[in-house]
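S.K.: Please construct the entire structure, taking both the sequences and the accompanying hints into account.
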Amino acid sequence: MHMSKLRRLVITGAAPLAGVMVLLLTASALAQQPGVHPISGRRYAGVMGYQGADWLDREERDIEEAPDTAIAALDLKAGMTVADIGAGSGYMTVRMARIVGPAGKVYAEDIQPQMIQLLQRRLEREKVANVVPVLGTIDDPKLPADSVDLMLLVDVYHEFSEPVRMLAGMRAALKSGGRLVLLEYRKEDPTVPIRLEHKMTVAEAKMEVEAAGFTLTRVDGRLPRQHILIFTKP
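With this note's numbering, you'll find the sequence shown wraps up at 235, consecutive numbering, no jumps.
If you are wondering where the hints come from, they were derived from the structure by calculation, not from laboratory data.
Backbone N, C-alpha and C define an ideal beta-carbon position, used for all residues, glycine too.
Among the clues, some could well be false.
Label-pair restraints from in silico Cβ distances [unchecked claim]:
no.: 1; residue 1: D147; residue 2: E61; range: 18 to 24 Å
no.: 2; residue 1: I72; residue 2: D190; range: 33 to 39 Å
no.: 3; residue 1: T216; residue 2: R126; range: 24 to 30 Å
no.: 4; residue 1: L197; residue 2: Q121; range: 30 to 36 Å
no.: 5; residue 1: G42; residue 2: S148; range: 30 to 36 Å
no.: 6; residue 1: G222; residue 2: Q118; range: 32 to 38 Å
no.: 7; residue 1: T218; residue 2: G36; range: 26 to 32 Å
no.: 8; residue 1: D63; residue 2: S148; range: 28 to 34 Å
M.R.: Okay, here's the thing in structure tokens:
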């Protein structure tokens with residue numbers, strides 16, 4: 002039914018289940034509102050620019066985010082092909098690269114060319130040879146289809162301005178049974194000192210990511226401030 006006709010029916014009371022129709026109209030309005038997720042209504046956060054790359058490598062990060070603990074939760078194996086989405090300067094990339102080893106591969110994806118340059122400098126400095134830098138776009142990770150065992154997104158997903166398309170692209174790049182792992186600051190916890198739009202609840206993530214064809218298979222709470230949300234491609 003044409004949307005304007007549906008609106009007239011709801012206003013005049015001629016449509017059955019008018020309450021349901023109103024909800025549909027509200028969802029449609031959200032879908033057209035820039036910067037808001039069409040399913041959850043969550044407002045997207047702005048992308049951190051490359052000028053803030055020093056914050057990614059701050060000394061306090063080991064205490065605040067326990068990156069080695071996070072990596073251990075992924076159960077990576079030598080020879081795996083993994084992806085670091087929104088890799089930035091490569092803080093997590095190099096940790097993953099060491100675990101998957103020479104027989105494995107890490108795709109380090111970012112949408113900012115300047116971040117890719119910082120990443121490449123790190124790889125050269127630390128002599129890491131099994132990482133492939135990838136310049137993605139806001140709606141496409143630019144990864145080969147059916148090629149990745151696990152994708153890691155650390156404090157990245159909430160910044161996507163095109164999350165539906167990005168999820169579709171990531172799902173296409175994952176192998177069957179592959180895992181999509183989000184690390185997101187806990188919005189449920191008001192003591193986590195991060196701006197609200199840079200946090201997510203488990204419910205928000207589940208609603209949005211499962212709509213893209215994934216299944217939430219585990220919520221890991223071992224980190225001091227972040228959820229580890231593990232989704233699987235059926």
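S.K.: Give a verdict on every hint.
M.R.: Against the structure, the hints:
For D147 paired with E61, a C-beta distance near 39 Å fails the hint of 18 to 24 Å. At about 22 Å, the beta-carbon gap between I72 and D190 misses the expected band of 33 to 39 Å. Between T216 and R126 the beta carbons are some 39 Å apart, a value that contradicts the proposed interval 24 to 30 Å. A beta carbon spacing of about 34 Å between L197 and Q121 agrees with the range 30 to 36 Å that was offered as a hint.
Checked against the hint of 30 to 36 Å, the pair G42 and S148 passes, with Cβ atoms roughly 33 Å apart. The hinted range of 32 to 38 Å is satisfied by G222 and Q118, whose Cβ atoms lie roughly 36 Å apart. The hinted window of 26 to 32 Å between T218 and G36 holds, with their beta carbons roughly 30 Å apart. About 31 Å separates the C-beta atoms of D63 and S148, a value consistent with the hinted range of 28 to 34 Å.
Of the numbered hints stated above, those contradicted by the structure are hints 1, 2, 3, listed in ascending order.
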